[in-house]
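Asks: Read off the chains here:
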Amino acid sequence: MKDLLLQKLRAQFPAAVELDSEFRGELTIVIRKADILPVCRFLQSDPDLAFDSVRDICGADYQRSDDRFEVIYNIYSLKNNFRLRLKVRVGENDLHVSSVSGVWKGADWLERETYDMYGILFDDHPDLRRIYLPEEFEYYPLRKDFPLMGIPGSLPLPRK
Amino acid sequence: MELERTNDSFLTTRVDQIIGWARKNSLWPMPMGISCCAIEMMAFAGPRFDVARFGSEAFRFSPRQSDLMIVAGTVTYKMSHVVRKIYDQMPDPKWVIAMGACTSSGGMYRSYSVVQGIDLFLPVDVYVSGCPPRPDNLLKALMEVQKKIARGEKPGQSDKVFIGETAEHA
Numbered sequence: 001m002k003d004l005l006l007q008k009l010r011a012q013f014p015a016a017v018e019l020d021s022e023f024r025g026e027l028t029i030v031i032r033k034a035d036i037l038p039v040c041r042f043l044q045s046d047p048d049l050a051f052d053s054v055r056d057i058c059g060a061d062y063q064r065s066d067d068r069f070e071v072i073y074n075i076y077s078l079k080n081n082f083r084l085r086l087k088v089r090v091g092e093n094d095l096h097v098s099s100v101s102g103v104w105k106g107a108d109w110l111e112r113e114t115y116d117m118y119g120i121l122f123d124d125h126p127d128l129r130r131i132y133l134p135e136e137f138e139y140y141p142l143r144k145d146f147p148l149m150g151i152p153g154s155l156p157l158p159r160k
Numbered sequence: 161m162e163l164e165r166t167n168d169s170f171l172t173t174r175v176d177q178i179i180g181w182a183r184k185n186s187l188w189p190m191p192m193g194i195s196c197c198a199i200e201m202m203a204f205a206g207p208r209f210d211v212a213r214f215g216s217e218a219f220r221f222s223p224r225q226s227d228l229m230i231v232a233g234t235v236t237y238k239m240s241h242v243v244r245k246i247y248d249q250m251p252d253p254k255w256v257i258a259m260g261a262c263t264s265s266g267g268m269y270r271s272y273s274v275v276q277g278i279d280l281f282l283p284v285d286v287y288v289s290g291c292p293p294r295p296d297n298l299l300k301a302l303m304e305v306q307k308k309i310a311r312g313e314k315p316g317q318s319d320k321v322f323i324g325e326t327a328e329h330a
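Listed in order, the protein sequences are those of chains A and B.
Using our numbering, the first residue of the first sequence is number 1, and each one after it goes up by one.
Using our numbering, the first residue of the second sequence is number 161, and each one after it goes up by one.
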């Protein structure tokens, strides 16, 4: 399955695969940011691969000078009982990533969560609003430069 | 309650006191069960611990019919506005029990999103320690509220009561 997947992916998108690695039987592929939407659409629609379910989308802040953030997609093929992890590196200066909510409907809220926590902007998302924090909150709390106890006064309390 | 016994078939008391006596034995809780403490709050209402012995078995899911709010769970900043609104909808006199570590102090959630104690936005009468507290401790808290009412104290103004280990550190 792994070989078939990589072979198909490389044939279809010769430049999209930046890196692939395997750890404890789990395959991770780093995809070029511009290619994430066509790659996801291909993985979902290809009859042999059939990645029909998105299990999680999240972000990570690595505090690197280039490509500070990563967006991580955990997808699953029921037909092959196979899990795949895709990663996209996102720089601080360009936080735009194509939304995959058109491919998997379940990606909608997962991308909203990633936006809420890291401020990554998903282009063509149907409803990119904060999902956990109040609408008027100005910060992205899972970024490494956000203090643990928050910024005093940024979240209002009711009057006593 | 001060009662004056006479040899006739009646007794005398003060209106405040007889009303207070009625109130304290019929506190209707507003179960503000936000997280896991609510499970212990249910046990407190259930047959084993049986809060009906203290007249508080009528849990009301409308704040307009309750006079004791049991805040049982982690209160986030986002939730705090809801808790306060429900408290504001309760008729006076109203009492508040802060049940458990999260509610009393933020507990293990030392985080930007969790209010570090509901007394930052609500007047609390009794705090209960524990994570979660045992139902017996919540019964003790209820009894403390009853004592406050029996003494004729005003909600939110009398001395705070701490149930459990917190008492030694308070």
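Don't read these hints as lab results, they were simulated from the structure.
Some hints could be false.
[Unchecked claim] In silico EDC-like pairs for lysine to aspartate or glutamate, Cα to Cα no more than 16 Å straight-line: (1) A:K160 to B:D248; (2) A:K2 to A:D48; (3) B:K238 to A:E135; (4) B:K314 to B:E304; (5) A:K105 to A:E135; (6) A:K33 to A:D3; (7) B:K238 to A:D61; (8) B:K238 to A:D67; (9) A:K160 to B:D279; (10) A:K79 to A:D67.
Given the structure is predicted, the values throughout are model-derived calculations rather than measurements.
Asks: For every hint, state whether the structure bears it out.
Replies: Hints, one by one, checked against the model:
1. Taking the CA atoms of A:K160 and B:D248, the gap is near 11 Å; set against the 16 Å cutoff, the hint holds.
2. A distance of roughly 12 Å separates the Cα atoms of A:K2 and A:D48; the hinted pair therefore holds under the 16 Å criterion.
3. Our distance criterion of 16 Å between C-alpha atoms is met by B:K238 and A:E135, whose separation comes to about 10 Å.
4. For the proposed pair B:K314 and B:E304, the alpha carbon gap of about 13 Å is at most 16 Å, so the pair holds.
5. In summary, the hint linking A:K105 to A:E135 is not supported, as the alpha carbons are separated by about 23 Å, beyond the 16 Å threshold.
6. A distance of roughly 23 Å separates the Cα atoms of A:K33 and A:D3; the hinted pair therefore is violated under the 16 Å criterion.
7. A distance of roughly 25 Å separates the Cα atoms of B:K238 and A:D61; the hinted pair therefore is violated under the 16 Å criterion.
8. For the given pair, B:K238 sits about 32 Å from A:D67 by alpha-carbon distance, which is inconsistent with the 16 Å threshold.
9. Distance restraint check for A:K160 and B:D279: the Cα-Cα separation of roughly 9 Å lies within the 16 Å cut-off, and the hinted pair is therefore satisfied.
10. Restraint check for A:K79 and A:D67: the C-alpha separation of about 34 Å exceeds 16 Å, so the hint is violated.
Hint compliance for this structure: hints 5, 6, 7, 8 and 10 are not met, and every other hint is.
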